[in-house]
Amino acid sequence: MTADAPAHIQLGMTDVEYEHVIEILGREPMAAELAMYSVMWSEHCSYKSSRAHLGRFSSDQPWVVVGPGENAGVVDLGDGWLAALRIESHNHPSYVEPYQGAATGVGGILRDVFTMGARPIAVWDPLRFGPLDDPRNRYLLEGVVSGIAGYGNAVGVPTLGGEVEFADCFAKNPLVNVMALGILKRDQLVLSAASGEGNKAILLGNATGRDGIGGASILASASFEEGDEEKRPNVQVGDPFEEKKLIEACLELYERDLVVAIQDLGAAGISCATSETAGNGGMGMDVDLDKVHVREQDMTPGEILMSESQERMLAIVTPENEAEVLALADRWEIEASTIGIVTVGPDLVVYSRGELVAEVPAASLADEAPIYHRPYAEPDYVAGAWARSPEIPADLDAGEALGILLDDPAIGDRSWISNQYDHMLFLNTVVEPGHDGSLQRIKGTHKAMAVSTDGDSLRTYLDPRRGAARVVFESALNVAVTGARPYALVDNLNFGNPEVPGVMWQFVESVEGMAWACEELDVPVVGGNVSFYNQTDGVDIYPAPVVGMMGFCDPMPDAPPRLDQAGEGMSIFVVGPDPQGDFAASAYDRIINGNLGGRPLDVDGDLARHAVSAAATLAYSTPVLHDVSTGGLAVALAEIAIKSGVGFRIEGVSGPDLFDETPLRFIAVGPTDELDTGESARRIGTVGGSNLDFGTAGSIPLDEATGIWRNALPRRMS
Amino acid sequence: MTVAVVVFPGTNCEHDIVHALDLAGADADLVWHTESDLSGASGIVLPGGFAHGDYLRTGAIARFSPVMAEVERLASGGTPTIGICNGFQILCEAGLLPGALVANQDLKFICKPVHLRVESTDSVLTKAASVGQVLQIPLNSYEGNYVANDIDAIEGKGDVILRYAEADGTVDASSNPNGSTHSIAGITNSARNVAGLMPHPERASESILGSSDGMVLIEGFVASLDAVRA
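Chains as they are written, first to last, in the working numbering: chain A, 1 to 718; chain B, 1 to 230.
Just so you know, the hints here were simulated from the structure itself, not pulled from any lab data. These numbers were taken from a predicted model, which means no experiment stands behind them. All C-beta atoms in this analysis are idealised placements derived from N, C-alpha and C, irrespective of residue type, glycine included.
Simulated crosslink set (DSS-like; lysine-lysine; CA at most 30 Å straight-line):
1. A:443 / A:643
2. B:112 / A:443
3. A:443 / A:185
4. A:643 / B:108
5. B:112 / A:643
Per the computed footprint, the stretches of chain B lying under chain A, defined by three or more beta-carbons under 8 Å from a beta-carbon of chain A, are:
6. 46-56
7. 102-111
8. 205-217
Please put together the full structure from these sequences, using the hints given.
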């Protein structure tokens with residue numbers, strides 16, 4: 001691309017797309033109009049490469065109040081309570097500027113949730129980086145975590161967890177996803193469809209500046225190349241203090257029933273918010289850019305329309321309520337200006353300094369976006385990868401192997417990350433970060449919500465369909481061990497360049513696997529995000545579909561299972577199938593053998609339902625429940641021992657079986673010899689002593705294992 | 001007579017402390033920072049959060065909020081007044097407590113349960129506790145590192161009420177989470193009616209949250225209100 005290329009090419013639009021704009025308008029677009037279409041039709045905003053496949057997900061369960069398409073999905077918790085949830089990515093901005101990229105990711109997802117009328121009560125951050133032996137990757141991890149902490153803590157929303165993976169492919173394309181959950185009473189639910197001719201459009205919050213212009217099209221919808229740090233001006237800058245005031249002001253607006261509709265300003269700023277509210281309501285809107293409170297003079301109309309300045313909302317209010325809304329904003333010390341008026345439409349008409357700068361059918365920006373049926377085909381690497389079967393020695397030393405795995409930064413203690421996040425605000429956190437799933441109560445009720453975010457890019461790389469399905473099942477089991485039943489799911493589909501048929505195949509296969517798994521569990525997919533073009537210097541990331549599973553229980557267990565409640569003399573059970581020799585993408589094969597190969601085991605829907613149901617039931621009577629995942633039984637048992645500060649003795653499990661990652665299994669630890677764990681449970685040992693003792697398979701002292709586990713991340717980051 | 005819980009723009013722990021006060025049987029009202037009349041309040045709480053975004057310096061802008069002149073007037077008159085975390089920072093900035101809170105030694109935000117040893121029960125915050133008692137209460141701050149020019153005078157007067165400690169009560173370098181001078185976690189003024197601490201007792205108000213050790217501090221504060229009323 002050169003500086004003298006046509007304007008639409010410079011804005012990331014194809015010739016065909018440009019022709020379609022001309023067709024819609026019946027003329028050449030004006031500059032501001034072209035800017036609007038280019039952003040609204042970008043991959044990030046329009047889902048043009050993925051939309052043809054997203055219909056595979058279903059959300060028709062009766063407890064779904066709002067499915068995909070609004071700012072957040074909403075589900076019914078009974079007694080008038082609703083929960084709103086959403087997940088997003090801020091991958092490219094976080095590579096360009098890790099602190100602000102991650103911080104504004106938090107700000108954006110919170111707006112999606114409180115736009116629905118909900119008070120945001122928690123966020124989670126699934127993260128992926130390159131290996132930590134490279135200082136650049138340490139800088140990115142440090143910056144991203146600081147950004148999440150700096151914004152999340154100050155805005156006053158606790159961060160209840162997340163997960164982290166490290167792989168070479170993420171070195172130049174880290175993944176920073178963020179999920180948020182909010183709660184609301186049913187009568188506070190607000191949607192984004194503007195209605196009522198003559199109603200006012202009021203812009204609330206931060207002044208509009210030049211930051212983040214083109215973020216959606218330039219950063220989020222194109223591959224990366226060397227020197228892209230120069231795109232730093234496209235990254236937005238966050239102000240958590242402004243957002244905190246905005247949250248409180250908006251919640252009061254809803255409580256006092258002062259808004260007809262509301263929409264947050266995210267990608268494509270004012271152009272997106274005005275066209276979406278008008279288009280969703282089948283209306284039009286007249287907008288005067290001179291009324292927008294701006295941070296600097298002499299911004300062009302296109303810049304004002306496209307700016308992605310943070311912490312802004314567009315409220316649609318009746319003329320009678322306009323003065324009250326402005327007064328309320330003043331009381332919360334946020335700026336507000338009436339910038340538009342709802343019309344019968346269908347056009348969004350924009351003026352600047354008395355001149356007409358845009359006149360486009362409001363709905364066309366969203367509805368007329370192109371849909372691409374990208375070609376896809378199984379890439380060549382798959383057959384080769386399956387042939388590289390893991391080789392696991394029958395006589396491995398379990399103590400030694402466990403010591404190596406506990407030092408892995410994705411297995412070792414991650415409290416270096418989570419201790420930087422306020423995870424306790426609101427006094428709802430019953431099970432905190434560091435467990436399989438977090439558990440939050442709703443004060444004044446017996447209800448509680450569990451959340452786990454999960455991804456497994458390495459296994460998904462080997463078999464996208466099985467890998468993605470297993471991610472859903474694992475996430476379900478993670479919430480079930482807290483006592484919650486899987487209730488709703490949001491997904492963040494992180495993939496490489498969709499114009500590469502092999503990448504598109506990974507995407508289609510992953511969607512298929514996830515959709516199937518959700519159907520098996522009867523879990524609705526209430527929202528999601530697709531992040532394509534995670535490709536730098538021609539290298540695509542591993543396919544990384546990430547899910548955020550929300551579980552729900554009513555009543556919640558009086559004493560939910562925790563990892564730190566194992567005590568001397570308690571029995572240890574494994575519930576679920578016998579190990580099947582599942583070592584493809586296992587921690588043992590990757591970390592000890594240095595191999596990534598083989599084909600991951602397939603999963604069975606009946607087995608998944610059984611495991612989830614058994615765990616959610618046992619959670620009401622069992623001190624410790626723990627999902628068996630990365631590193632197999634050995635790592636899961638070690639985590640319980642380390643957190644509880646007591647060793648164990650395991651009998652009759654072979655070395656390989658200790659590291660086998662056959663899914664849909666969990667550990668139950670309790671005081672009786674006969675925990676009512678059902679027929680699929682097997683007693684494998686006893687809690688006690690000061691060693692992690694695997695019988696003839698090996699042993700490691702608890703102190704040593706604890707030291708290794710605690711230092712895995714700090715020793716690399718210091 | 002109710003407790004005035006002051007809310008600045010950016011404060012975020014106001015509902016949590018109201019919840020804990022309620023558990024201790026005290027009524028509380030949220031008071032916006034522009035309020036200039038708190039007469040009738042039985043006590044004052046400056047809760048945690050990020051008042052005015054913590055911009056410039058923690059508490060530096062908040063101390064000029066209109067409500068602070070009234071807080072100073074009542075505190076000088078003996079009204080029981082406590083500051084938690086950001087509230088402690090504001091009380092120091094306003095000169096109602098000596099010293100200041102600076103960035104944690106390792107320049108990272110810290111959110112985790114810590115152990116505190118009660119050093120003195122002669123304050124509105126610790127009067128229901130016993131000397132040497134160890135409490136497990138969460139810390140949640142970036143600027144939690146206590147410093148003071150006149151540290152010897154503060155120690156000499158017995159104004160240190162809480163120190164970071166091990167679970168067995170030992171005070172040493174490894175139990176000091178943020179580099180605080182003399183492991184100080186909380187102090188009182190010499191008149192004993194104003195106290196501040198960095199950890200959040202309201203976050204340790206119910207065993208389902210991991211600890212209810214904070215209630216002895218909340219209950220001490222509530223008992224101080226009764227004492228004044230009587």
